[in-house]
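*Asks:* Sequence:
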Amino acid sequence: MNLKKIGIALSGGGSRGFAHLGVLKALEEKGIEFDVISGTSAGSIVGALLASGLSVDEIFSLMKAKKFTDYAKIAIFKDGFMTLESLKKNLTHTLKEATFEQLPKALYISVSNINTGEVEYLHKGNVVDAVIASSSIPILFEPIVLNQQTYVDGGLLDNLPIVPLLSTCDIIVAVNVMPVEKLQIVDGMRDVALRIFEVGIGHVHPELKARCDLYVEPKGIDKYHILDPQSADELFELGYQATKNHPDLDGLVKKIHKKKSFFKFGK
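In my numbering, each residue's number is its place in the sequence shown (first place is 1) plus 81.
Just to be clear, a hint being listed does not mean it is correct.
As the list claims (entries may be wrong) - Subject to a maximum C-alpha distance of 16 Å in a straight line, what follows is the list of computed EDC-like cross-link-like pairs (lysine to aspartate or glutamate):
| # | residue 1 | residue 2 |
| --- | --- | --- |
| 1 | 85 | 116 |
| 2 | 169 | 223 |
| 3 | 325 | 294 |
| 4 | 106 | 318 |
| 5 | 205 | 182 |
| 6 | 336 | 251 |
| 7 | 300 | 315 |
| 8 | 290 | 329 |
| 9 | 106 | 315 |
| 10 | 147 | 166 |
Unchecked claim - Pairwise CB distance ranges (calculated):
| # | residue 1 | residue 2 | range |
| --- | --- | --- | --- |
| 11 | 229 | 170 | 23 to 31 Å |
| 12 | 198 | 311 | 31 to 39 Å |
| 13 | 182 | 309 | 30 to 38 Å |
| 14 | 109 | 220 | 30 to 38 Å |
No lab work stands behind these hints, which were simulated from the structure alone. Built from N, CA and C at the ideal position, the CB exists for glycine as well.
With the sequences and hints as input, model every part of the structure.
*Replies:* If you want it as structure tokens, here you go:
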């Protein structure tokens, strides 16, 4: 008898990705660990580090120190685009040349293939390359070429990658840090481009949301700019409180413990 797997999907959201860590910390305090992790863009950064075996506290300290989501500092201009070479260097320093197959936990990273026009959920090959491809916001960052295919931010086609978990897990948690909210002022071409991107990726299909045992969307997170990493502590706390006070949290804990007890009894 096999213990059923628990999976988590982490959305893209730039600097708002720090809220993912607050969510994970609240779940960690409840004794919840994940067997399968699925992430997009900033969620793929957090997901890859989590799948490598790092703790939530270690990831938070690392992301703040290395400025993983400080795009203004990690970007280098090339042919009219910004590149993510500094981010790649920081991730490689931590993850080395790790492949998906070598990670302690199963990991899926969503990327948008602009050759085929389809979303792909990478789970083989070099992890850092997949993360960089998933984090390459269209228009702002240089597209990434892997195996003769050109990729951009996974959020373009699936910003909350629940799909890979449907066939691999029977308990699913999803965290969306990119809800579509009303915006009073859009100032400058960069903000216009980002707003178009946000609106395009921000909607989560109701059927996928309904498949989640816990769906977290921190209230007020839309107030934080996706390219501003200065509010890491506030975003962490926002995710933590949204999860700790979530009405479905106790039900999730009971469901997980019930399955663990059933597994032990079955042995």
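*Asks:* What's the verdict on residue 300 and residue 315, does the C-alpha distance respect the 16 Å limit or exceed it?
*Replies:* 12 Å, holds
*Asks:* Given the hint that residue 106 pairs with residue 315, test it: the Cα-Cα distance must not exceed 16 Å.
*Replies:* Within the cut-off at roughly 14 Å; holds.
*Asks:* Is residue 325 within 16 Å of residue 294, Cα to Cα?
*Replies:* 15 Å, holds
*Asks:* Holds or violated: are the alpha carbons of residue 336 and residue 251 at most 16 Å from each other?
*Replies:* 11 Å, holds
*Asks:* That 31 to 39 Å hint for residue 198 and residue 311 (C-beta), does it hold up?
*Replies:* With a Cβ separation near 36 Å, residue 198 and residue 311 satisfy 31 to 39 Å, so the hint holds.
*Asks:* With 30 to 38 Å as the target window, see if residue 182 and residue 309 comply at their CB atoms.
*Replies:* 36 Å, holds
*Asks:* Compare the distance between the alpha carbons of residue 290 and residue 329 with 16 Å, and conclude whether the hinted pair is satisfied.
*Replies:* Cα-Cα ~13 Å, so holds.
*Asks:* Check whether the Cα positions of residue 205 and residue 182 lie no farther apart than 16 Å.
*Replies:* 6 Å, holds
*Asks:* Next pair to validate is residue 169 with residue 223; report whether the Cα-Cα distance is within 16 Å.
*Replies:* Within the cut-off at roughly 13 Å; holds.
*Asks:* Taking 23 to 31 Å as the hint, is the beta-carbon distance of residue 229 and residue 170 inside that range?
*Replies:* 24 Å, holds
*Asks:* Is the distance from the Cβ of residue 109 to the Cβ of residue 220 consistent with 30 to 38 Å?
*Replies:* 36 Å, holds
*Asks:* Has the given pair, residue 85 with residue 116, been kept, meaning a C-alpha gap of at most 16 Å?
*Replies:* 9 Å, holds
Hint violations for this structure: none, all hints satisfied.
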